[in-house]
Amino acid sequence: MAKRLIVAMTGATGATYGIRLLQELARLPEWESHLVVSQAGLLTAKQELGLDRREIESLADVVHSPRDIGATVASGSFLVEGMVVSPCSMKTLASIANGFSDNLVARAADVTLKQRRQLVLLVRETPLNLVHLRNMMSVTEMGGIIFPPVPAFYAGLTGLEQMVGHTVGRVMDLFAIEHQGLVTRWQGLGDDKSSRDNN
Numbered sequence: 003m004a005k006r007l008i009v010a011m012t013g014a015t016g017a018t019y020g021i022r023l024l025q026e027l028a029r030l031p032e033w034e035s036h037l038v039v040s041q042a043g044l045l046t047a048k049q050e051l052g053l054d055r056r057e058i059e060s061l062a063d064v065v066h067s068p069r070d071i072g073a074t075v076a077s078g079s080f081l082v083e084g085m086v087v088s089p090c091s092m093k094t095l096a097s098i099a100n101g102f103s104d105n106l107v108a109r110a111a112d113v114t115l116k117q118r119r120q121l122v123l124l125v126r127e128t129p130l131n132l133v134h135l136r137n138m139m140s141v142t143e144m145g146g147i148i149f150p151p152v153p154a155f156y157a158g159l160t161g162l163e164q165m166v167g168h169t170v171g172r173v174m175d176l177f178a179i180e181h182q183g184l185v186t187r188w189q190g191l192g193d194d195k196s197s198r199d200n201n
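FYI, in this note's numbering the residues of the sequence shown are 3 to 201.
Heads up, some of the hints might be wrong.
Per label pair, the in silico range of CB-to-CB distance [said to hold, decoys possible]: (1) T186 x R55: 29 to 37 angstroms; (2) Y156 x E50: 22 to 30 angstroms; (3) Q41 x G192: 31 to 39 angstroms.
With a straight-line cut-off of 30 angstroms between C-alpha atoms, the simulated DSBU-like cross-links for lysine-lysine are [stated by the list, open to error]: (4) K5 x K93; (5) K116 x K5; (6) K93 x K48; (7) K116 x K93.
Just so you know, these hints were derived from the structure itself, not from any lab.
In this text, a Cβ means the ideal position worked out from N, Cα and C, and glycines have one as well.
Start from the sequences and build out the full structure, keeping to the hints where you can.
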């Protein structure tokens, strides 16, 4: 049986991260993607990438309506490896942090946390106010991972596509999903001997 990963896209900027994650998962027959896109997420993807609902949904193995609280991913008995919200709006973050399961994105995240499965939120906002920070802290205390998509300049990446790919690869690492060519692995500033000599 294929391993399942829930991918949610909400109304924050950065729809490209969710799309790239779906594209990478589609290359892996051993993984099954379950997609939930909020209405605001659809609007953002249309504005930023020119993609409509049909084009986005075609990238996933299974698609769920954000209004379908009775979907499979709303139950802890439905086995998944975890969930990624990419991008994650501050509204969605607040819903998850406070257990306000008013749509399928928030409900599936709540289930992921209560089942002690991996939840990763690619939060997108700047600057951050105190409520944002407290909500991030709450999710972290519940076992979730706050993962702002910050470019890794040390990796020598050139262009937006490589930066997005690097971030998506790091997210996939959290679920032990194999990938090729996305992440430039850190090799250190020198060989082991010189590092020891400088300590």
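Going through the hints against the structure:
no.: 1; hint: T186 x R55: 29 to 37 angstroms; in the structure: holds, 34 angstroms
no.: 2; hint: Y156 x E50: 22 to 30 angstroms; in the structure: holds, 26 angstroms
no.: 3; hint: Q41 x G192: 31 to 39 angstroms; in the structure: violated, 51 angstroms
no.: 4; hint: K5 x K93; in the structure: holds, 29 angstroms
no.: 5; hint: K116 x K5; in the structure: holds, 19 angstroms
no.: 6; hint: K93 x K48; in the structure: holds, 19 angstroms
no.: 7; hint: K116 x K93; in the structure: holds, 20 angstroms
Hint violations for this structure: number 3 only, all remaining hints satisfied.
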